[in-house]
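Number of protein chains: 2
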Amino acid sequence: MNPFAGRIERFRRALDERGWIGALLTPGGDAEYLTGIRRSRPNATESHMHGDWLAGVLVTGDSCIIIAPHLAKSRLEEMMGDKPWINELMHIPEGADLEHLTRHIVDHRLGGPGTLAVPRKGMAQTILELSTLYPEMEFANTGTILEPMRAVKDAGEIEAMRKAAAVADRAFAEVVTRLVPGMTEVDIKMEVERQLFLGGAEGTSFVTGIMIRGQGCDGPLEGVSRGADHRLEPGRVLAFDFGAVVDGYASDFGRTVFIGDPDPELQRIHELIIAAQAEGMRALVPGTPAEDVDARARAVIEEAGYGEAFFHRLGHGIGIDVHEWPFLSPGSTATVRENMCFTVEPSILIPGRCFVRVEDVVLVTGEGGVSLNSTDREPVVI
Amino acid sequence: MNPFAGRIERFRRALDERGWIGALLTPGGDAEYLTGIRRSRPNATESHMHGDWLAGVLVTGDSCIIIAPHLAKSRLEEMMGDKPWINELMHIPEGADLEHLTRHIVDHRLGGPGTLAVPRKGMAQTILELSTLYPEMEFANTGTILEPMRAVKDAGEIEAMRKAAAVADRAFAEVVTRLVPGMTEVDIKMEVERQLFLGGAEGTSFVTGIMIRGQGCDGPLEGVSRGADHRLEPGRVLAFDFGAVVDGYASDFGRTVFIGDPDPELQRIHELIIAAQAEGMRALVPGTPAEDVDARARAVIEEAGYGEAFFHRLGHGIGIDVHEWPFLSPGSTATVRENMCFTVEPSILIPGRCFVRVEDVVLVTGEGGVSLNSTDREPVVI
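Line order of the protein sequences matches chains R and V.
Read in order, the letters of the first sequence are residues 1 to 382 in my numbering.
Read in order, the letters of the second sequence are residues 1001 to 1382 in my numbering.
These aren't lab readings, by the way, just hints derived from the structure by calculation.
Please note that the accuracy of each hint is not assured.
Stated by the list, open to error - Covered by chain V, per the in silico footprint, the following chain R stretches (three or more residues, Cβ under 8 Å):
hint	stretch
1	33-44
2	121-131
3	306-315
Claimed, not checked - Under 7 Å between C-beta atoms, here's a sample of chain R residues computed to sit facing chain V:
hint	residue
4	Ser47
5	Arg75
6	Gly203
Backbone N, C-alpha and C fix where the C-beta goes; we use that ideal spot for every residue, glycine too.
I would like the entire structure built from these sequences, with the hints used as guidance.
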């Protein structure tokens, strides 16, 4: 059975319980989850279409309506064809009177001003324009309803998550056989992405990260391109962080490769990471507070004296988006539930020496976390 | 002389004139224009960092402050090193108390609640969270100040625009020599992007579009990937739409290639497009209403009976972002000024038969529009 009509109905019931007039979902994960209509790949710089701040999916008390900027109309019409849970396409012609259209939507489709839900990454301009026309309007975050719904995956979603993980596993296996000294981060990144597409990816989940560190080779991990001209040379350490989108669901994968046999400290660091990851996976039992999962994995690294070097959260929910609620982090107030999916990705960063990470996507089952990845975790040495 | 300190000062003066307390610029074109700090490439699915809705560039009455999520801190610190116009980096640790941090910013850095400017593509959550803590706060669009500033380019910006255009010209010249029957849109797209990077691009400006049409081959132009498995076959028409980012500035380029000699109607359509583009360029004289530029080029196509097939605006401003104010479109209220840069990109789309477009980036001079591209406009036949 197709899940979308049921999701829209649950969402609408929740809007109604809160007394909200409806929701305007800009293209993104929430809109995909409810309608099955996929967003476009994002442009690398900002783009603009007439009326884009009003575009997306409008959920009212009795309708699910696509509001399409002119240039996106033909694509959206094509995608709507087999989706009877979408009732209508509303078109924004070039140069259309947006005040008139907005008043039509608020007064006639939403039954007058009130509280409208928008996604947290919705456009600021949407709120500014609506507030100018309707100063009494209020806004709420769709996430308060959709985050818990999206976090627990159904069987079809878990199947897509497995496929996305398998595409990452396969790409890693292919890339490892092609690593040779002298390759740069950009060379390796291109090969990773080539293998992801060959393996059936629709796209990457996020900006592919290829990080070579050690022997004085350093730099920020979160860069403009997340890959530069550092080369594979003996003594260095190569960390992978990449993922694929398959059937609309994301994977997120990490392993670490040593160039030449690692020295005893690097061996010890890699063992610690595997032990911390295993502890995190064991902790992913339904009912466990999410912050406890982080704390238990973190303790393994802290007790060995590397606590400062594990500088980020243990993991994040993952599904249609690579980073979804809930988060395995200090201060998280969420509770782990069966059929949630999380990354479990401890790391140790020692500037100029190494960045070591192992990362799997893990499904929460009654018996604890089960990895959706099949790549083993022994250190790879080339 | 470095332009950033002057831009921040002009922006701050304009905030002050309007009585606004300051601006919070999420990573994007506005923040790049004011600080020179480049945004990261966007992830293909949504990401999340703790406190991301509060992150970006904060401009107050006396300071320019980078607010950095934990994972972005090291990159931003590195980029700040040579930028004395940035006064401070404020760090958001994982799990930090965001209410406390927000109150510190509003009460102590901005001097209390009031009207805060945010970019139109800023996050809805920024407004929701600030409004919850400060119901009396109001929000305004940074674009009302920064759009006119960004639209008129200085000499350094024009130089970067020339370089970005040249990288596109070079890539097209290389790709054309490699086109052979049987290639798919994806094959051609990969070659375009390879040539852009070989030519010095930091990235693409937007999602590369490779569109093969004709002989029954059809589909939306604005798709998830903007390139599929349509093949180069005799009688078909191939339209290119791509651009490069160089020194932080974007190009946007289009030409059309015929597979085999075009029939008389296709020849006529291509001639019309060149004539319409030339008319649009001639109309780009300082003082001309932007909608008149669109209308003059459009008239060439309408008079030949293809008005319905030219389904979009004539062009858009371009600079740090691929689509910037002002727009050459029906209903635009802007006026053309010297040293603005626009795309001029008429097209004719006949479903199942052809999509023909020619596009240059054009600089407005006292004598009219001058193309920054050097590729000629004769139809290419392979």
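Hints, one by one, checked against the model:
no.	hint	verdict
1	33-44	holds (count 7)
2	121-131	holds (count 9)
3	306-315	holds (count 3)
4	Ser47	4 Å, holds
5	Arg75	4 Å, holds
6	Gly203	5 Å, holds
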